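In order, the protein sequence lines correspond to chains A and B. Note that our numbering has the first sequence beginning at 1, numbered continuously upward. Note that our numbering has the second sequence beginning at 1, numbered continuously upward.
Rather than coming from a laboratory, the hints here were simulated on the basis of the structure. A few of these clues could be false.
[To be verified] With a straight-line Cα cutoff of 27 angstroms, these simulated BS3-like cross-link-like pairs (lysine-lysine) come out: (1) A:K189 <-> B:K33; (2) A:K189 <-> B:K209; (3) A:K260 <-> B:K171; (4) A:K260 <-> B:K33; (5) B:K181 <-> A:K189.
[Claimed, not checked] Label pairs and their in silico Cβ distance ranges: (6) B:L98 <-> A:T34: 33 to 39 angstroms; (7) B:W186 <-> A:N80: 34 to 40 angstroms; (8) B:L213 <-> A:D193: 31 to 37 angstroms; (9) B:Y85 <-> A:L191: 39 to 45 angstroms; (10) A:P27 <-> B:L213: 20 to 26 angstroms; (11) A:L39 <-> B:V109: 42 to 48 angstroms; (12) B:W227 <-> A:L191: 39 to 45 angstroms; (13) B:G265 <-> A:N80: 26 to 32 angstroms; (14) B:T73 <-> A:Y166: 24 to 30 angstroms; (15) A:F72 <-> B:L221: 41 to 47 angstroms.
[Unchecked claim] Residues from chain B that keep clear of chain A, each with C-beta distances beyond 10 angstroms, as calculated: (16) T31; (17) L53; (18) S81; (19) Y132; (20) I150; (21) A169; (22) P172; (23) G179; (24) L203; (25) L215; (26) S274.
Small disclaimer: the values here were computed from a predicted structure and weren't measured. Glycine is no exception: its CB is placed at the ideal position from the N, C-alpha and C atoms.
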Amino acid sequence: MSATLGTSSVPLGTSNPITRNKSRNSPWIYVFLTAVAVLWLIPLVWTLYTSLRPNAATTRLGYFSVGGGVTFSNFSTAWNSGFAGYLLNSALITVPAVIITLFLASCVAFAVSRFAWKFNVSLLILFTAGNLLPPQILATPIYQLFKNIPLPLTVSDSGSLLNTYYGVIVMNVAFQVGFCTFVLSNYMKALPDELGEAARVDGASVWRQYRSIIMPLCRPALGALATLEVIWIYNDFFWALLLVQTGSRLPITTAINNLKGEFVNNYNLIAAGAMITVIPTLIIYFVLQRQFVAGLTLGASKG
Amino acid sequence: MTVDQAVRPETITAPRERRPTRKRLKTLSTTDKVVLGMMVGIPTLIEACLIWLPSLASIGLSFGRWDGIGSPTNITSAGISNYTYIFTNYPSFWPAVLHNLIWLVFLAVIATPLGVLLAVLLDRKIRFTRIYQSIFFLPVMLSLALIGIIWQLIYSSDNGLIDSLLGIAGKPQSIDFFGDKSINLWAALVAQTWRHAGYVMILYLAGLKGVDLSLKEAAALDGATAWQTFTRIVFPVMKPINTVVIVITIIEALRSFDLVYIINGGTNGLELLSALVVRNLQGEGQDLGVGSAIATVLLVLSLVPIIIYLSRTFRKDRTE
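Bound conformation, chain B alone (with noise of 0.2 angstroms):
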């Protein structure tokens, strides 16, 4: 579930008009301080032990080897051998940066803008416009494990749809689009954009209903044309909507997981970060050292946009 997870928030934050008369803190009696100390006590306990805590102990971890049985005593020094060990020698680590790059870049170029595309449709006075929502935004309410069963079914070498149309399944020639290396990225990546454009679609909707319709009309009877009245009128002023979009986008690039995990573990050809993680957590190859130094890489590309998203979206509280 992934990514959408996140980032929605922005969407929320309407301009509004804030008034100084918030309530002080030394006005309080001393339970209703406790009362309040507990409000925000005890959540924002659960969030630095469960969160913010164990986040930096993947930091920790990355700098020493533990093959995670015994007790945490036997932790032992490593240095930065691990970052070494991952950057130089582990065969799975560049490739799974490059999908998860590849990632990224499909969303980006191919998913989001087929969601926005849908959203500028249909906020044309389209008929049926609520049949053709629904439809498009009904995969967005199914998790990307199913999300991958549901694929199977359409992709199977013997006896998927494709193949069935194509006339090859079971077949010597026929594609096992999950199975094939070469393909199965893009494949995955198809049943992604099944999910994450009807997302984009119904967040960028919502954005557009909030334009200020005398501004298209205007520009309609300026003689602008369809695309003039998108990128020069409705695009700016969807600047907070933009940049959710864009925050979604490299946020669930960089958390995707559930979906090449249930296809093959994340292995064979469609190897990310987080799948590696996982990998080095439990059975076989288990070294959490080295899983960790791979969280690590993942923590830091991830703060990037997170850190990026929050400064701007919380600037004006900040100032106020």
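Pulled out of the complex, with its shape left as it was, chain A reads as follows (with noise of 0.2 angstroms):
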């Protein structure tokens, strides 16, 4: 930092655009940002401390202090009472709904961007606008209706949707196909009119053209909403606390809604739970955050 501070040194309101330019960052905005960086910190840094640290460290000295050691075991207990399961149903639930949700929406995407239809714009407007919503808004006839399907009980032992994995995945596709319908939809049409085509002159059907040539072209723009999709459905917390009743068979996002009550006033504990929350996050993010920003903001640079 020191040496950040020192190469900015001139001073500001010179009038010489050329100085102006060389002082424009000037040492206040580092202060400012680092202040800022700082404080934006501290919370998952007080999080993961709190993890730590065992419990009986903290109830001698309390939990702002230091010393006492530094343990796993609030890791290996949150795990043993339910989070390893919890960990798993979140993944029965977003992979399977990451895979539905890109796939329908690259179909719809492909039907409505490389062919001419009446109703293209009203198709996407209906599909955008529905993952604007709040879900809340649909949760009583949605609980009422999952509620009255019937299943055989050897698909669902509540003899419907609710308390399913199906119910909440069938959800979350229903939230997201809007947006990946958007965005891949733009994508689509960026790509060369052509392609289409010389397809057809090769006599290649309308599936073979979505399989062997726009699917392929796709891959960056599918890739990053792949990242984007399963931040996004691993954090839903909306829809299994509606639809599953059963707590071992929450995901983890929900599950940590029961973490206060399981734990009473064990922070360290739940300071661990948070953590294993977190983790699967993390990874994507220093892995994939190249991907995940591509995502969020596809598009602004290449249409």
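Reconstruct the complex from the two isolated chains, following the hints.
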């Protein structure tokens, strides 16, 4: 930091534009950004710190203290008291939901972007608008609908879509398809029309054009969207809260709702549970940050 | 997760050229037509059955009376009584409207401008810009439910970080940020800002990268200050991103639910419309008519920004 501060020591307010250019980054910018960055990190650092301390030490010294050693026992306790299962549930919901979302969205995007339809725009509007609604608006009818859709007991022990992974997957898909369709259709529109022409001359069917020509070209967009959707669906709180009653079937993001009740005032365990929930997103964050940000801002540069 | 979900689209609609050579449907074989029909039809059916028909059903139920336990044939007509009840008699309704409004104003006045400020600063060829960006963006990866848990560790009155720093943790004069109904809304909004500002930052930064550098240089050569360059040059050419950010802010305020629900179920100073819908859905206070009336109010409020936004976004496409 000190090096940075040293290099940008030209005073503000000089009228020469060249000097001004050099002085644009006054030290105060670094002071401000660093202060905000430190504030930004405190919640996670505090959670990590709390999760690594033995409860005996924090009980004796208080949480705002040093010493008492470092332990991973909070993590193993939390892991064994259900978090392993919650994480698995999250995977069982997230993976199929992302795959189905991208498949359906790419189908619609392909059809509306590569062919001339009368209702192209209306359809896209309907899909995108659906994605923007507060999900709570649908809560009552969806709950009643799922309760009254009978499923054989071999598929669902509740005899309905309630309390199943299917219900949660289906709602996540319905909510995410809109956004993915929007992004993919813009991406596909930017691909040259001649691709389709050439394929038609060669006698390729619609399905082949989709499967062998357009989809491979959409790989970058699909990668970015997949990263984004994994995070979003993993982070979904509401649908499992509404649709799943059995505690052991909850995905991890919804299960942390019970954290406070389960680990009454043992903040070390609560913090460890929170860290276990964060870890998968952090891994994706460090490995695929570029993809994630690309998904968010996709097309801002590419069109 | 929220809102974010929604609005990113506009970042994506960069200008592009269109040639009128899209394939017409008539030239297709029957098989191809069937395949295309299914590619569009199945997702549309899902969207209609799980999003749009239930939305209409919510409107319908808001004019009825039903305990939700018996079959739907037990629904009796209630006229507009559910609405008169929530507007005049339901004690939580107006506080919830007020809280949603405060949520919106706080995001619009504090969180979103903070995100824009961070983006503008980071766009100035700052050293370590990647590190700063990564730090500010980190909370965007977390669910709001988890953010509620993490901030509980900061805010709690017996062992929280803030009360510990003030030396009042666990003492009678300790501050219970999430429990005290006169301040818990603001405490929740600070936690929400932690995430929202980073989200706005990353979108805005992407937009700023697209601004023609020569515009800024020309302004600097003409002796414009950084403030003038931003307000007169950069901000106006960023119009598409500005729209996205405004819409995200509004939608986020209307969709907020997870955070207040995880703090205390959306009660005691943290009532929001979305939480009231859920409270009327199950358990003791179950009244589906009243819940649906609140849902309908929320639907109408949400459709206003959605329609404005989408009509702007798709106007170009339509005129093509």
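Hint-by-hint comparison with the structure:
Distance restraint check for K189 (chain A) and K33 (chain B): the Cα-Cα separation of roughly 20 angstroms lies within the 27 angstroms cut-off, and the hinted pair is therefore satisfied. At roughly 23 angstroms between alpha-carbon atoms, K189 (chain A) and K209 (chain B) fall within 27 angstroms of each other, so this suggested pair holds. The straight-line distance between the Cα atoms of K260 (chain A) and K171 (chain B) is roughly 21 angstroms, inside the 27 angstroms bound, and the hint therefore holds. Straight-line distance between C-alpha atoms of K260 (chain A) and K33 (chain B) comes to about 55 angstroms, which puts the hinted pair past the 27 angstroms bound.
About 51 angstroms separates the Cα atoms of K181 (chain B) and K189 (chain A), which puts this hinted pair outside 27 angstroms; it is violated. For L98 (chain B) and T34 (chain A), the hinted distance range of 33 to 39 angstroms is satisfied, since their beta carbons lie about 37 angstroms from each other. The hinted window of 34 to 40 angstroms between W186 (chain B) and N80 (chain A) holds, with their beta carbons roughly 38 angstroms apart. L213 (chain B) and D193 (chain A) have their C-beta atoms about 33 angstroms apart, which keeps the hinted 31 to 37 angstroms range intact.
Between Y85 (chain B) and L191 (chain A) the C-beta distance comes to about 54 angstroms, which lies outside the given range of 39 to 45 angstroms. Take P27 (chain A) and L213 (chain B): their Cβ atoms lie about 24 angstroms apart, and the range 20 to 26 angstroms holds. Distance hint check: the CB atoms of L39 (chain A) and V109 (chain B) are about 19 angstroms apart, inconsistent with the given range 42 to 48 angstroms. Remark: the range hint 39 to 45 angstroms for W227 (chain B) to L191 (chain A) is upheld by a beta-carbon distance near 42 angstroms.
In this structure the supplied range 26 to 32 angstroms holds for G265 (chain B) paired with N80 (chain A), their Cβ-Cβ distance being about 28 angstroms. One distance hint, 24 to 30 angstroms for the beta-carbon pair T73 (chain B) and Y166 (chain A), holds here, with the actual separation near 26 angstroms. Range check, F72 (chain A) to L221 (chain B): about 58 angstroms between beta-carbon atoms, so the 41 to 47 angstroms window is missed. Not every Cβ of chain A is farther than 10 angstroms from the Cβ of T31 (chain B); the closest lies at roughly 7 angstroms, contradicting the non-interface assignment.
A cut-off of 10 angstroms between C-beta atoms contradicts the statement that L53 (chain B) is not in contact with chain A; the least separation is 8 angstroms. Every CB of chain A lies more than 10 angstroms from the CB of S81 (chain B), the least distance being 17 angstroms, so the non-interface label holds. For Y132 (chain B), the condition that its CB be more than 10 angstroms from all CB atoms of chain A is violated, with the nearest at approximately 5 angstroms. A beta-carbon of chain A comes within 10 angstroms of the beta-carbon of I150 (chain B); the shortest separation is about 5 angstroms.
Not every Cβ of chain A is farther than 10 angstroms from the Cβ of A169 (chain B); the closest lies at roughly 7 angstroms, contradicting the non-interface assignment. With a least beta-carbon separation of about 17 angstroms from chain A, P172 (chain B) lies farther than 10 angstroms from that chain, consistent with its non-interface assignment. For G179 (chain B), the requirement that its beta carbon stay farther than 10 angstroms from each beta carbon of chain A is met, with the minimum near 12 angstroms. The Cβ of L203 (chain B) does not lie farther than 10 angstroms from every Cβ of chain A; its closest approach is about 6 angstroms, which violates its non-interface assignment.
For L215 (chain B), the shortest C-beta to C-beta distance to chain A comes to about 15 angstroms, beyond the 10 angstroms cut-off, and the non-interface label holds. Chain A draws S274 (chain B) into its interface by the beta-carbon criterion, the shortest separation being 4 angstroms against a cut-off of 10 angstroms.
Hint compliance for this structure: hints 4, 5, 9, 11, 15, 16, 17, 19, 20, 21, 24 and 26 are broken, all remaining hints hold.
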